[in-house]
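S.K.: Given two chains presented individually in distinct reference frames, assemble the corresponding complex, making use of the accompanying hints.
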Amino acid sequence: MSIEQLSIIGLASLVSISCSLCGVYLVLRRLALISDAISHSILLGIVCSFFIVHDLNSPLLILGATLTGVLMVYLTEILVASKRLKKDASIGLVFPLFFSISVLLINLFAADIHLDQDSVLLGEIAFTPFRLLTIWGYNLGPASLWVMGGILVLNVVFISVFYKELKLTTFDHGLAAMLGFFPAYLHYAFMAMVSITAVGAFESVGVILVVALMIVPPATAYLLTNRLFPMMILSIVFGLASSLLGYSMAFYLNVSIAGSMAVMTGILFLLVFLFSPSQGLIMKFLTFQQQRILFSTNMLLIQLLEHEGTKTEKTENTVSNLIVHMKWTFKFANSIVSYALEKGFIQRHDDRLLLTSFGREKAKRVIVMDA
Amino acid sequence: MVKPDRLTDLECAVVVQDLTVAYKEKPVLWDIDLKIPKGVLLAIVGPNGAGKTTLLRSIMGMIKPAAGNVAIFGQSIAAKKRSIGYMPQRGTVDWDFPTDALDVVMMGRYGHIGWFKRPSVNDKKLSLEALDRVGMADFASRPLNQLSGGQQQRVFLARALVQDADLYFMDEPFVGVDAVTEQAIIELLKELRNQSKTVVVVHHDLQTLADYFDWVSLLNVRQIAYGSVADVLTPENLKITYGGRSSFLMHNPVIT
Ligand SMILES: Nc1ncnc2c1ncn2[C@@H]1O[C@H](COP(=O)(O)OP(=O)(O)OP(=O)(O)O)[C@@H](O)[C@H]1O
Ligand SMILES: [Mg+2]
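Taken in sequence, the protein lines are chains A and B. Converting from the first sequence to the working numbering requires adding 20 to each position, the first position being numbered 1. Residue 67 in the working numbering sits at position 85 of the second sequence, and the numbers go up by one each step.
This is chain B alone, in the form it adopts within the complex (with noise of 0.2 Å):
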């Protein structure tokens, strides 16, 4: 595997310069560089209150930085936003907004139907699908408030898929799911992978990072450490980005 510094631009999905982000003063992220390669499945991992979530907002454009710049496939966010599928934290949306399970799915579809146009056969269809692919399909009439929390990220995992990306961002996907569902999910995941997507994941399991992801990056405020899981999983720089907490997190630790 490439090491990350030697990456050129050509190759990424997505490229970080010094980004740094606050909100109010205090900055969140502090001077960060990611080059994410194509078509690589890579963690973002941290404590709470890391800045994951707004690492991952910042590059889709939703924060505005303090200092720093993006490139998506080499050019701007707002040039390349059809090229990007989001799955976002639980908790970010309003859960008893009025609308059912599929109408949620075709909301990935907005991007593409673009301005003013009402989603067309065509779009039910692919979000029916993509329902049935998170093994969804018989609640695609469900209200959204009488799901469960497991059965609310399958469905935003679906929005994600009918995005229909080259570059996707999910946010703690396995947050709140059974071993079933989490499977279901890896196994979504590497499927994109293996279609030459690239999938950013923020993740909380050090157990399973190995087994999950190709790429790693561990992140506290600033960038920690970054590669393959192998290299950057060391007792050092776990101790770094959870500071004492770190033994507790990871029984077996994958290097030592």
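Only chain A is shown next, with the shape it has when bound in the complex (with noise of 0.2 Å):
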């Protein structure tokens, strides 16, 4: 693998480790929609720092940019304060407005500005290797990864110094505020940490897609756990594997590498979605249909018990009339059948059921057990 491979992966890595991790609180917070309006408000601020300082690479952009994120959050909580918008509204609101300002801004003064629509929308994370970070005459390799170092590490510092803190503001805001611990600063500083991190990985992936490295990564360790610890370190791992996985499909299959990231959370969330042990939906499926198995048996042995040794046992204890008396259908009956047989609880005789002295014991304990 080549040395511009590597710090093209080494990027993504990066920057998918930084989203997964704001995003555990974007997700739990419910902030989702929030994640995607700052990815776009945050190019406001990026333009407009430009013509100030006419260089795509001065830290300042940065600066410029996270306040923008900051303020847009700032204006949909005051819109949603004056009660005549809902959170949803104000969001939509706001950020499609500073988005299609700096969209304009570009349009008009593209020649100087060194931002094409493209790269706005899907990053240039394949350029990475050829921007290259020099001090003093010293090459010191690809520039993004230590910005984006740089962030993921204020990311890590941010979430373990305030752990404790974030963990009860998210939980219970009513509290948090009783004890003293500033949920409304608190919840600016971490919209500004999510700003940055936005800012990072604009330049990797663009502005559409930061929302799904930063909210599915997280959604989909949530559905494994029910602690905040191993869902951050689960949303770690899916934010780095898809971004391992997307950069090996977006090399053999020669596309977007941010596209093939975005499409590769949606692959594992699906994945984990359809198979987790305790919440998929093919494990409840299975788990439903082995339950409907032992519960129509259990209602056949009682069935059998009910009428044995009366005088309409010929015709009470029989296949037909479980189709006719259970409503089953004449495939799910037999199948019920096997299994009763199979498991020695009855006897069959043609269409006629005996139960064993086995399946009356069964049947006996489980009528006593309903009771």
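Do not rely on the hints blindly, as some may be mistaken.
[To be verified] Using 20 Å as the maximum straight-line C-alpha spacing, the simulated EDC-like pairs for lysine to aspartate or glutamate come out as follows:
{"hint": "1", "chain 1": "A", "residue 1": "Lys184", "chain 2": "B", "residue 2": "Asp78"}
{"hint": "2", "chain 1": "A", "residue 1": "Lys107", "chain 2": "A", "residue 2": "Asp56"}
{"hint": "3", "chain 1": "A", "residue 1": "Lys334", "chain 2": "A", "residue 2": "Asp371"}
{"hint": "4", "chain 1": "B", "residue 1": "Lys17", "chain 2": "B", "residue 2": "Glu(-7)"}
{"hint": "5", "chain 1": "A", "residue 1": "Lys347", "chain 2": "A", "residue 2": "Glu336"}
{"hint": "6", "chain 1": "B", "residue 1": "Lys63", "chain 2": "B", "residue 2": "Asp146"}
{"hint": "7", "chain 1": "B", "residue 1": "Lys17", "chain 2": "B", "residue 2": "Asp213"}
{"hint": "8", "chain 1": "A", "residue 1": "Lys351", "chain 2": "A", "residue 2": "Glu326"}
{"hint": "9", "chain 1": "B", "residue 1": "Lys63", "chain 2": "B", "residue 2": "Asp193"}
{"hint": "10", "chain 1": "B", "residue 1": "Lys17", "chain 2": "B", "residue 2": "Asp(-9)"}
{"hint": "11", "chain 1": "B", "residue 1": "Lys20", "chain 2": "B", "residue 2": "Glu173"}
{"hint": "12", "chain 1": "B", "residue 1": "Lys106", "chain 2": "A", "residue 2": "Glu97"}
{"hint": "13", "chain 1": "B", "residue 1": "Lys99", "chain 2": "B", "residue 2": "Asp146"}
{"hint": "14", "chain 1": "B", "residue 1": "Lys63", "chain 2": "B", "residue 2": "Asp(-9)"}
{"hint": "15", "chain 1": "A", "residue 1": "Lys351", "chain 2": "A", "residue 2": "Glu362"}
{"hint": "16", "chain 1": "A", "residue 1": "Lys184", "chain 2": "B", "residue 2": "Asp193"}
{"hint": "17", "chain 1": "A", "residue 1": "Lys107", "chain 2": "B", "residue 2": "Asp193"}
{"hint": "18", "chain 1": "B", "residue 1": "Lys6", "chain 2": "A", "residue 2": "Asp75"}
{"hint": "19", "chain 1": "A", "residue 1": "Lys103", "chain 2": "B", "residue 2": "Glu7"}
{"hint": "20", "chain 1": "B", "residue 1": "Lys107", "chain 2": "B", "residue 2": "Asp78"}
{"hint": "21", "chain 1": "B", "residue 1": "Lys62", "chain 2": "B", "residue 2": "Glu(-7)"}
{"hint": "22", "chain 1": "B", "residue 1": "Lys62", "chain 2": "B", "residue 2": "Asp146"}
{"hint": "23", "chain 1": "B", "residue 1": "Lys63", "chain 2": "A", "residue 2": "Glu185"}
{"hint": "24", "chain 1": "B", "residue 1": "Lys46", "chain 2": "B", "residue 2": "Asp78"}
{"hint": "25", "chain 1": "A", "residue 1": "Lys106", "chain 2": "B", "residue 2": "Glu7"}
{"hint": "26", "chain 1": "B", "residue 1": "Lys63", "chain 2": "B", "residue 2": "Asp120"}
{"hint": "27", "chain 1": "B", "residue 1": "Lys172", "chain 2": "B", "residue 2": "Asp78"}
{"hint": "28", "chain 1": "B", "residue 1": "Lys63", "chain 2": "B", "residue 2": "Asp105"}
{"hint": "29", "chain 1": "B", "residue 1": "Lys6", "chain 2": "B", "residue 2": "Asp(-9)"}
{"hint": "30", "chain 1": "B", "residue 1": "Lys46", "chain 2": "A", "residue 2": "Glu97"}
{"hint": "31", "chain 1": "A", "residue 1": "Lys184", "chain 2": "B", "residue 2": "Asp76"}
{"hint": "32", "chain 1": "B", "residue 1": "Lys62", "chain 2": "B", "residue 2": "Asp(-9)"}
{"hint": "33", "chain 1": "B", "residue 1": "Lys99", "chain 2": "A", "residue 2": "Glu185"}
Calculated from the structure, these hints are not laboratory results. Note that the structure is predicted; figures quoted are calculated from it, not measured.
M.R.: Right, dumping it as structure tokens:
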């Protein structure tokens, strides 16, 4: 593998880990949409800061972008506080405004700004290796790696330092306020963190896919665990896996790296959704089937026991009566009968069914349990 | 028992003056004056939407009032945060949050732990003891969303207990719990009161008021009446508080 490829993979990993970490708290705070809004809004900050410093690589761009992200959150909250608009409507009002203004500015001054629309939308992670950071003539490698590495460190430090405080404000805003943990300030600090992360991710994957990297890995992790810390670890694992698998896919199919990474987050989610041992659809379906068979077998045994030795036994305890009486299909009745035969609960004589002594015991136990 | 208006501020855990609270323009609480003496078990009673939760939350400083003052042990709420324990009404927290019973109880210690520091071994010990006191010791590591409603209530009671406060606010602790749990909870609350702590409880059951509580405040946007249960629980007061519905709530008025 070439050094270029390695630096792309490295950057993709840094981006996905940072996004997954922020994302855990976004998902738990039900702010998934905010991350999309932030990633679109920061563009305005980037464009405006560029007019001031005329340098696309200036750290001031990150600062300006972060500020617009937080400003966007602040404006939506003012709108919500006015009680005239709901939260989703406020978000939907503010961020397209920010985004469209920046698109117009880029259109108007396209010649000055070296931002083309494709890279705004989908990022340009493939160019990572060619933008190098040089300080005093020393070549320190791709600049994005340094920036994103710094952002990841910031994320880890922020979340470790405020772990308990973030957890409490997310879980119980009221108690956090009462205990003096300033949930409002913490909220804005966290929003700033998300904005910075979105700025870093924007360069690599563009404005549209940031939301996938921030939301899908934590949502996947949420399917698998009931604890916060494991959720963060799993989220990182899924983020990392998406970027590595996504890169390979992009490489073999020769398609967009950012797009492939986002697709991979979705595929992983789907797999977990279907196959998760505790909550997966398949597992739920299997347990349901299993329970249905056990329950129906019990019904069969009780029916046989109730009519055993009565005058109507000959007609009641038959397969054909099961179909009429229990409203079972022919196929289902036969499968339950085979199951009961296999377990040694019953004997079959053509249409007639008889309990074995083992089956009789079982039927009695079931009735007692129900009572 | 002293009359509420005779109380000096020194004898009070909470002094509320002229409190008015509004969401949007509509006032939810109007000109409330309330002096809660130290060491009593006080019930706040009123219909749904009367502003009971709002009153508790504004006393605790979670809601900014439109007008009025609140003093806790003679000081501002900010200065007295550590002395308050709070059990929220069901439905105000996220029950699907990825956490377990012990962790929730431990959150009650966060005020004592302060910023940045992690819970210590002692905090964990206190939290386990509190879970034990509410009969939930076996559920310490059970995820929150796998507890029944009554079990969740007990966990939140344990969380209020570990706050190790002098003044407790409990918002409908008896809702959704069986008779045994209700008895266990009221025993705990009486025990707190006997340790001369002040306990304020939002309560809905008029039948048990006299058994459980020393004082009661009838609330419906305004404070309708306040004092000892025997003095306050008159048919007229109930009628003002609940409108025509009070006769359904009380078949045998305590005082006639
Ligand atoms: N965040 C809010 N925004 C707007 N209105 C609110 C808000 N919270 C409560 N209200 C309104 O304020 C009034 C009082 O609410 P509050 O929750 O204090 O009532 P309550 O007495 O606790 O009722 P309940 O017995 O149902 O718990 C209600 O009319 C309610 O609709
Ligand atoms: Mg309430």
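S.K.: Could you tell me which of the hints above the structure violates, numbers in ascending order?
M.R.: 8, 9, 12, 16, 17, 18, 20, 24, 26, 27, 29
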